[in-house]
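Chemist: So you can see what is in the structure, the chains are spelled out below.
2 protein chains.
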Amino acid sequence: MTRPVTIALDAMGGDHGPSIVVPGAALALERRPDARFVMFGDEKLVLPLLDAHPKLKAVTTFHHTEVSVKMDDKPSQALRYGRYKSSMWRAIDATKTGEADVTISAGNTGALMAMSKFCLKSMPQVDRPAIACLWPTARGESIVLDVGATIGADARHLVDLAVMGAAMARVVFDLDRPTVGLLNVGVEEIKGVEAVKEAGRILREGNLPHLDYHGFVEGDDLGKGTVDVVVTEGFTGNIALKTAEGTARQIAGYLRAAMNRSLMAKIGYLFARGAFAALRDKMDPRKVNGGVFLGLEGIVIKSHGGTDAIGFASATELGYEMARENLMAKVREMVAASVRPEAAPQPAATVE
Amino acid sequence: MTRPVTIALDAMGGDHGPSIVVPGAALALERRPDARFVMFGDEKLVLPLLDAHPKLKAVTTFHHTEVSVKMDDKPSQALRYGRYKSSMWRAIDATKTGEADVTISAGNTGALMAMSKFCLKSMPQVDRPAIACLWPTARGESIVLDVGATIGADARHLVDLAVMGAAMARVVFDLDRPTVGLLNVGVEEIKGVEAVKEAGRILREGNLPHLDYHGFVEGDDLGKGTVDVVVTEGFTGNIALKTAEGTARQIAGYLRAAMNRSLMAKIGYLFARGAFAALRDKMDPRKVNGGVFLGLEGIVIKSHGGTDAIGFASATELGYEMARENLMAKVREMVAASVRPEAAPQPAATVE
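For the record, the sequence lines run as chains A and B.
Here the first sequence is numbered in full-length UniProt numbering, starting from 1 and rising by one per residue.
Here the second sequence is numbered in full-length UniProt numbering, starting from 1 and rising by one per residue.
Worth double-checking, as some hints may not be accurate.
No copy is singled out in the list; a pair is fine if it fits within one copy or between any two copies.
[What the hints assert, rightly or not] Dumping the calculated DSS-like pairs for lysine-lysine here, alpha-carbon to alpha-carbon at most 27 Å:
{"id": "1", "residue 1": "Lys266", "residue 2": "Lys74"}
{"id": "2", "residue 1": "Lys282", "residue 2": "Lys224"}
{"id": "3", "residue 1": "Lys197", "residue 2": "Lys96"}
{"id": "4", "residue 1": "Lys44", "residue 2": "Lys117"}
{"id": "5", "residue 1": "Lys224", "residue 2": "Lys287"}
Just so you know, the hints here were simulated from the structure itself, not pulled from any lab data.
Could you put together the complete structure from these sequences and hints?
Modeler: This is the structure we're talking about:
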């Protein structure tokens, strides 16, 4: 018999707070009946919602908090007034203390990352954390990281991203050796991507046990699903992610307009409405909701701030899966086994 | 009466060479009857095709060339064997000598940029060239640059991109003060985008006469068409462009699959086929074919290498329009009027 997975929830996070977090958790519980919850938030808002979901209430430990981090606070502000006492901090801290296995919040990304770094600390050997997301592709899904935790990357950080992304792919896709590509531009002999080239050399020569290095990939390989894991630094990754989301919305708008332009089109739409429903489902951004913070001593999942209960349930289930499959242990093991670019020339220290 | 526009064509460029360049030019001529052409290529391949298009032949000066740049040559290789004598070089040189007003090639991007830099030279005050493209948006089109000419950018280069992009927007969109945004990530207080922040400060305080600085934009603003001109450095811009192209192809694939999944869907498709044709037209990448090289002493347009005659005609017409509206003069004027980040503290030199 396996141990239940305990999920810490920041009930106050996101644009809609408890009104989506509580029903989202209830939905996730229906699909993951062995999940347990620790929830942090304002009792006046959360408890009536919990009363409306008795099955959820029965497996939830609730803690009242007075302070909620606002969506537009700067990370430094949020840390100043929210440390130790906000629902966000307490939810992260529950994973640190072991009360929970994973933390989920739909709150302010910058504040969530700042608090996660401060509370959980980085893993040894990993300098900087990353945010990984699941990217829907023509073949299924890939993992893309970093989508915005850290701006700029040297070769070592890119190799860390490759190793952590591969560990996540092993958990999510159940693969022994996921394929990994480094995002680059197509033009050869171009200057300025030395870090990417150097990371490619390390990955090619490193022969890492649980990772199959594919080489460089380009922007259009993301949608193709050319590799299981696409590695890039956070500035480019964030812009690529939002560009793809924007393009999908733009084309959905074109499609709506096309289906409304004539009576014939509207009749066609009625006949094909099952197909359109399937397409909408396929393109539903709520289905792949959840940025996974990697490189910290604990797993934190960031849900989209504007999502609804269905989207929050997806993020919660993603967190469940990461905890159930012991993502932390896999990341730790792979990071420890990976070649450190600067490890080789270092002389052994005599004392610690 | 206006002077005709003369367009230099590298007939050997692209995956399909003269077989798309000659009919593409013929198509462009139908829509731009005052265009004149100077064409460079292998006479054995080009002349029979010109014979098949007598109207085009009547307004074309043809020059035989022995050397063609291959699509997979490195820029340095192409320069070594193709300088002064390849169809690509000669087409660029025609714009330099004034025989033509603009050069179009579907050839190897890296080689075309290297030869353009070598042959045309940079404009005074502009250190590094850029590639600008037209980006279809929910509102119409925007200009996005740099999509891959130069990797990495300091604040000064980003301001140059803003100024050159705005000059192009004035020509293409016929606007007096195009809106300009700097592509950035949404997270505040994030480190590493100092160049973007500094460029924002300069643009905000610079009060440039022909440019309305909007502020930062994010990846999803590209598809929305939030601003007329989106500025980013070439690595991120190239990846954003290819990510959007890949996402569009991916969704087109989903749509095809959805319309084939049942008899009802197929019937619906038949009713709505006019609407689907309009949608395909809207998403047709050939309609917005053409990367404009900016910052050089002459205009060069890069067509997609794999395009067909319709796509090459779009690139040719884009070149026509840039030349007709005197893009070069507008870029020069705006660059000269722009505030140089490092201009202020420089003491006046006594001699040139």
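Chemist: Evaluate each hint against the coordinates.
Modeler: Each hint tested on the structure:
1. Lys266 <-> Lys74: neither (47 Å within a copy, 51 Å between copies)
2. Lys282 <-> Lys224: Both: 15 Å inside a copy, 22 Å across copies.
3. Lys197 <-> Lys96: neither (36 Å within a copy, 35 Å between copies)
4. Lys44 <-> Lys117: neither (30 Å within a copy, 67 Å between copies)
5. Lys224 <-> Lys287: both (19 Å within a copy, 23 Å between copies)
Going through the hint list in order, the structure does not satisfy hints 1, 3, 4.
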